[in-house]
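J.: Following the hints, put chain W in place on chain D, whose structure we already have.
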Amino acid sequence: MTRTLPVLTVTLVLFVLWYAGAIVLNGPQVTSMLERSGSAWTTADFIRECWNMGRAVLPTPHQIVIDLFHSLFDYSPTNPRNILFHAYVTASSTLVGFIVGLVVGAVLAVGIVHMRTLESSLMPWVIMSQTVPILAIAPMLIVILGNMGFTGVVPKAMISAYLSFFPITIGLVKGLRSIDPLQLDLMRTYSATQSQVFWKLRLPASLPFLFTSLKVAVAISLVGAIVAELPTGAVAGLGARLLTGSYYGQMVQIWSTLVVAAVLSLALVWAVGAVQRATVAQSKAPS
Amino acid sequence: MESPSNAHGQISSIVDIQNLSLTFQAADKPVVALDNISLQIKAGDFVSLIGPSGCGKTTLLRAIADLERPTGGSLKINGKTPEEARLSRAYGYVFQAPALYPWRTVERNVMLPLEIIGLDKAERARRTAEQLDLVGLKGFEKKFPWQLSGGMQQRVSIARALSFAPELLLMDEPFGALDEITRDHLNLQLAELWRRTGKTCVFVTHSISEAVFLSTRIVVMSPRPGRILDIIDCDLPRERGLEIRETAQFAEIAARVRHGLKEGHSYDD
Chain D
50 MTRTLPVLTV TLVLFVLWYA GAIVLNGPQV TSMLERSGSA WTTADFIREC WNMGRAVLPT
110 PHQIVIDLFH SLFDYSPTNP RNILFHAYVT ASSTLVGFIV GLVVGAVLAV GIVHMRTLES
170 SLMPWVIMSQ TVPILAIAPM LIVILGNMGF TGVVPKAMIS AYLSFFPITI GLVKGLRSID
230 PLQLDLMRTY SATQSQVFWK LRLPASLPFL FTSLKVAVAI SLVGAIVAEL PTGAVAGLGA
290 RLLTGSYYGQ MVQIWSTLVV AAVLSLALVW AVGAVQRATV AQSKAPS
Chain W
86 MESPSNAHGQ ISSIVDIQNL SLTFQAADKP VVALDNISLQ IKAGDFVSLI GPSGCGKTTL
146 LRAIADLERP TGGSLKINGK TPEEARLSRA YGYVFQAPAL YPWRTVERNV MLPLEIIGLD
206 KAERARRTAE QLDLVGLKGF EKKFPWQLSG GMQQRVSIAR ALSFAPELLL MDEPFGALDE
266 ITRDHLNLQL AELWRRTGKT CVFVTHSISE AVFLSTRIVV MSPRPGRILD IIDCDLPRER
326 GLEIRETAQF AEIAARVRHG LKEGHSYDD
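The listed protein sequences derive, respectively, from chains D and W.
Once you know that position 75 of the first sequence is 124 in the working numbering, the rest is easy, because the numbers rise by one and skip nothing.
Once you know that position 41 of the second sequence is 126 in the working numbering, the rest is easy, because the numbers rise by one and skip nothing.
Hints listed in this document are in silico derivations from the structure and should not be mistaken for laboratory results.
You may find that some hints are simply not true.
[What the hints assert, rightly or not] Over 12 angstroms on every C-beta distance to chain D, these chain W residues come out as not near it, computed from the model: (1) Phe109; (2) Gly129; (3) Pro137; (4) Gly221; (5) Leu263; (6) Arg268; (7) Gly326.
[Stated by the list, open to error] Computed footprint of chain W on chain D; a stretch qualifies when at least three of its residues, placed anywhere within it, have a C-beta under 8 angstroms from a C-beta of chain W: (8) 224-233; (9) 238-247.
[Said to hold, decoys possible] Below, computed lysine to any residue pairings styled on SDA-like, alpha-carbon distance capped at 25 angstroms: (10) Lys228/W to Asp229/D; (11) Lys165/W to Thr242/D; (12) Lys228/W to Thr328/D; (13) Lys206/W to Ala254/D; (14) Lys206/W to Thr328/D; (15) Lys228/W to Gln325/D; (16) Lys227/W to Leu250/D; (17) Lys264/D to Val149/D; (18) Lys264/D to Trp174/D; (19) Lys249/D to Ile201/W; (20) Lys206/W to Ser244/D; (21) Lys227/W to Asp229/D; (22) Lys227/W to Val324/D; (23) Lys347/W to Ser294/W; (24) Lys228/W to Leu231/D; (25) Lys227/W to Glu200/W; (26) Lys264/D to Leu313/D; (27) Lys228/W to Val324/D; (28) Lys165/W to Asp234/D; (29) Lys249/D to Lys206/W; (30) Lys227/W to Leu256/D; (31) Lys127/W to Leu273/W; (32) Lys114/W to Gly139/W; (33) Lys223/D to Trp188/W; (34) Lys249/D to Glu215/W; (35) Lys165/W to Ser123/W; (36) Lys206/W to Val246/D.
Even for Gly, the Cβ is constructed at its ideal location relative to N, Cα and C.
For reference, chain D alone in the conformation it holds in the complex:
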C-alpha cells in the first residue's frame, strides 16, 4: 500500500490546519468569554475552550464526530433528530430524480444521435438549461409544482433530474457516436436493421461513456436534492438540516450534515461503479 502514507500525511496536515484554524477563528469569542468570567485562565484553558466551543465559528473534527455519534445512536432512525432520517429523505428524492434524469437524458441522446434535426433544435436548449443558475430555477419549479398539487419528493426529484439529465445526454451522445466507421460498415455487410445496430453495436459501445456520465449525474443529483430543500423551508432532508443549522447558528450541525452528504455522495458514486464493474467488467484490458 504505497498510497496509504501520502494520503495519511495529507490528512494529518489538514487536521493540524483545522485545529489551528479553530484557535484563530474561535479565539476572539473565547477571549471575551474568559474575560467576562473574571477568573484567571491559562493558555491551555484557552485552547481547550477554542476546540470545544458550543457555538464555534469553526467546530473541530472531534466535535463533529461527537455530534454525529449522538445523532446516530441517541435517537431511532425514524426520529427527525437522527441524521439518518434526513439522509434517507434526501437520498430518496436523489434516486427518483436520478432515474428520471437517466430516462430523459437517454431519450434525448438517442433522439439526437438518430435525427439530425433534433441535434440542431434541441442541443442549444440542452446546453442553455445548464447555464441558468439552479438556485433561481429551484424556487420557481417548487412553487409551480406545489400549485399543481405536487409536494414532497416530486418537486425535489425534478430539480435533481433537471441537473442530472445533462451529463447523461452529453456522455451518451458521445458514446453512441464513438463507434469505428468500420464497425458500422460491418453491420451494413450483415444487412443489420437500425435497431440491431443500436442494441448490438451503439449501446454496448457507449456504456463506458454512459457510466462515466452516470457517476457525475448521481453526485449532481444529490446536490440538486439538497438545493431543492433549501428555499422551501423543508422540514426534512439534509438541506433542511443545513438550513436550521444556519438559522440557529449551529455550525456543528451544518458540518455534520456536510459530512453525511459527502459520505452519501461517495456511496452513490461507488454504487454506480459497482454496477459498471458487474456489467462491462472484462471487456477491456486491465489498465
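T.: Quick look at chain W alone, frame taken from chain D:
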C-alpha cells in the same frame, strides 16, 4: 448451395463487372477512383487485386460489397445487384482491421452475424464451434479480443465472415498489419481454408508474393484513375506449401506481376 451455372447451363460468373466506373465528389474536384473496370470472377476462384495505394482496389471490393455506389457501368453478383446481394447476405467481408467487438468474447463475436440473421441458439453454437475449429481457434472461445494476438484476432474475423456460410468471401488486406512470419502462417491457413471450403474469394493485397501464393488469378491495377492493367492466371497446383515460393514457376508469375506494376508506373516517384 447456389449453382454456378445459369439457366442456359453455361458456367457463369459469380461476380460480373462490366465497364465499371466510380467517381468520388471531393470538395475541390471529382476523384476518379475506378475507370472502366471489367472483370469476371468464376465460382471457386481466388482472385487477388494488387496495386499501389490509391489504385482503387479497396474501392472495387467495397463496390462489390455495396459499401460504395458505382457511378457507371454494371456490377452483378450472381445476377443480382450489389444491394440485393448484400440483403441476401451473399458475401462475408474481412476488413483490414479485425473490427472485433471488445465487449464480446471470441465465441460471441463469431456469433454476431448469426444473431442478426436470427438463427436459434443451438444452430448458432454449432456453426460458431465449426468456424472456430476451421480457423484453428478451438479453445479460445471464452477469451476476449484483447487477450489474443493480432493474427489470432484476424482469424476470428475470418471465422465471423464465414459463419453464415456466404458464397463469396471478400477480404481487404486482412494481413496487412501483421508481421511477415504471422502473415506466412495465415497465408498457409487461408490457402487450406479456401481448398477445403471451395469459397470464391476476392482478396486485396499490397504483397506480390502473397498474391501469387494464394490466387488462381491476379488482377494488377494502376492508380489515378484506377484501371486494370493485366489479369494474370496463376496456375500453380491447388495444394500449396510455402516452399512453392522457391519454384521457378512462382518466380515467373511474380515477375509478371511486378512487370505489370511497373508498366502502371507504380514504382515511379
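J.: Which numbered hints turn out to be false for this structure?
T.: none
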